[in-house]
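Asker: Line by line, the protein sequences give chains A and B. Following our numbering, the numbering of the first sequence begins with 1 at its first residue and continues without gaps. Following our numbering, the numbering of the second sequence begins with 1 at its first residue and continues without gaps.
Hints are not guaranteed to be accurate.
Said to hold, decoys possible - Some, not all, of what chain A presents toward chain B, calculated at C-beta under 10 Å:
| hint | residue |
| --- | --- |
| 1 | Leu32 |
| 2 | Val35 |
| 3 | Glu36 |
| 4 | Pro51 |
| 5 | Val53 |
| 6 | Arg58 |
| 7 | Gly64 |
| 8 | Ala68 |
| 9 | Leu72 |
For the record, the hints were derived by calculation from the structure and aren't laboratory data. All C-beta atoms in this analysis are idealised placements derived from N, C-alpha and C, irrespective of residue type, glycine included.
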Amino acid sequence: MEKLLTELKPGEKATVVSIHGGRGIQVRLRSLGLVEGQMLRKLSALAWGGPVVVEVKRTQVAIGRGMAARILVRC
Amino acid sequence: MRDMGTEQRIRNAPQKPRKHLENDILLVGQPNVGKSVLFSHLTGVRTIASNYPGTTVSYAMGRMRGKGSTLVVVDAPGTYSLEPLDEAARVTVDLIDDAKRIINVVDSTHLERHLPMTLELIAQNKPMVVALNMSDEARHRGIRIDVEQLSAELGVPVLSIVAPSGEGVKQLVDTCLDLQPIDQSTRNESGHPGHHPHIQHPSPTGRNNSFAEHVHLNRDRIWKRVGELVEKVQTLEHHHHSFSERLEEISIHPFWGSLLALAVITVSFSLIRLIGEFLIAGAVGIIGEPWVELPFGTELLFDKVLHPPLIALSRAIGAESFLHKLLIGTLVDGRIDFMQSFGILSSGIFIPIGVVLPYLLSFYFVLALLEDSGYLPRLAVFLDNFMHRIGLHGYAIIPTLLGLGCNVPGIMATRILESRRQRFITATLISIAVPCAALQAMIIGLVGRRGIGPVLIVYGTLFVVWLLVSLVLRLTVRGFQPELLVEIPPYRLPTFRALGTKMWLRISGFIREALPIILGAIVAVNVLYQLNLFAYLSGVAEPVITRLWGMPSEAVVPLLVGILRKDVALGLLAPLDLTVKQLIIGSVLLAMFFPCIATFVVLFRELGLKDGLKSLGIMLLAVFLTGSVLNLILR
């Protein structure tokens with residue numbers, strides 16, 4: 001099932017399907033290993049529109065909510 | 001290798017016209033891999049290393065002895081790729097161009113994240129060694145890397161090191177120096193001695209810019225190649241969750257993490273105050289009566305040791321002479337009041353050593369603990385939501401916290417933020433509403449004499465100003481507001497070595513740079529008083545200072561001296577016989593009005609002339625309003 005990274009539940013694993021955004025966002029996410037086809041696990045999402053924390057390639061990465069909402073994943 | 005003729009020149013990020021910097025060895029790697037630690041080891045130059053991405057925002061240069069000659073070593077700021085996304089990364093790309101040899105520092109615990117840049121670097125055709133740092137931590141986490149095979153696959157030497165202990169560093173240097181420089185004129189045609197079949201070389205005409213484009217197109221191939229490499233050389237062993245990993249889970253939990261953030265902030269600020277108070281007065285206690293009182297502290301030291309000889313000197317000179325005023329200052333009830341007398345030998349020594357230094361020690365100790373443990377990026381995550389509402393994102397908390405120590409490194413650290421808009425807002429806020437540790441020490445020392453309430457009003461007002469100015473800036477400053485995107489490092493136990501080095505660098509910086517300015521400011525004040533120049537200034541400033549802000553017109557002197565040093569300026573409020581209300585207003589105004597000269601210079605250097613002037617305009621408006629409002633609402 002495809003959904004946005006923000007909709008994923010903490011603890012769920014998923015694969016990145018696509019990243020919607022300009023080249024700047026693509027480049028920044030890619031530099032931290034977030035590319036299409038990459039497996040990730042959502043660790044937590046902070047309340048009231050706070051950032052989403054995911055584990056990708058055994059590293060924790062915090063992603064601002066707005067940016068997380070541009071990442072489509074399949075789980 | 002260490003303690004050779006060392007030299008440190010921390011340079012600024014080159015602005016538009018770029019400077020060339022010839023260097024023999026360039027340390028390149030992603031943020032937070034330990035480049036600065038390795039650099040210190042190689043050169044003996046001490047640099048500030050911490051546990052969060054973005055510690056080094058400009059580059060450091062040092063020298064080391066090797067192969068019978070002196071070699072220039074440069075520590076580049078961390079960058080995730082050769083496509084520069086921020087100021088720090090742009091600096092690195094330029095440095096690579098001028099480098100003779102590269103040491104690519106890689107985090108062994110996250111090989112797959114670091115190898116893409118290694119491949120990009122290899123394609124640059126510079127003699128290069130890969131240093132697998134944190135190999136002890138990798139072992140601990142059950143990660144095994146076949147170093148020889150990795151080296152064979154990459155076609156460049158690969159070595160395991162542990163930078164903090166120096167393990168493997170000597171071999172690394174030997175290997176690096178054995179590399180043959182590649183003839184620059186033929187580098188595009190001949191290629192690198194090694195083989196890296198999955199990366200195409202740039203076309204013979206290609207320069208580095210077009211190379212970046214080129215790499216961009218080949219991203220998928222790079223990731224694919226990295227996947228294959230990691231598969232071949234790395235094995236993971238299952239291991240049990242360690243305590244620090246449990247703590248990492250708790251730290252990002254929406255509920256427990258918030259509690260932890262709150263606790264960390266509260267404990268940090270209390271600890272700073274407790275240690276500071278203890279060093280000054282030998283007393284420990286948060287509010288009201290102290291729990292412990294010991295015959296210890298700088299106050300006692302000055303009263304017992306420095307007071308008697310100074311009084312003798314005072315008698316010898318005679319209380320009426322100008323020399324007495326300059327050296328000892330004004331006597332209060334026949335005694336020297338180290339806070340109020342304002343001579344070079346009395347307040348001139350007491351303010352920096354007796355009041356400010358203890359707080360700096362305390363502040364930088366606690367800050368170093370936060371920096372080295374790896375907590376700061378986690379704090380940034382929790383504050384992200386709040387910071388978004390004021391036009392910033394969570395990572396802006398790091399420059400702001402540094403600004404609480406000294407505004408200068410705080411403003412420099414705004415370089416870790418991505419957009420010009422964020423840098424402008426954060427730097428402006430720091431210069432207006434973030435009091436440095438020296439000023440805070442004086443606020444606590446002087447305003448604190450009138451009780452904890454007035455101190456809290458001063459801090460509360462500054463916080464409200466910070467909030468209001470940021471809201472106004474958010475609405476008025478146009479530009480792009482990036483989202484938080486940050487790697488959260490694992491928790492690490494701070495080492496005494498790193499802690500000590502960092503504190504020494506910061507404290508010695510204060511003694512070297514601030515002490516002469518403090519003494520100079522005190523001389524200037526005494527001379528100007530003697531020349532009666534202040535009487536004229538008081539008359540000119542009277543309408544604003546007295547009518548609007550309710551301060552005595554002599555307060556113009558501290559406000560002007562604040563341009564040199566904030567701590568001395570606040571000290572000048574002491575002899576004015578102010579009411580509590582005036583003292584509060586005076587402290588707030590001093591914190592906000594004109595950044596001290598060092599901050600001023602850095603502000604303009606970082607923002608440029610136009611934005612620097614804008615920032616000053618906002619400051620003047622904010623000071624004007626805050627002073628007036630406080631005068632209206634306080635009684």
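Asker: So which of the earlier hints does this model not fit?
Answerer: 9
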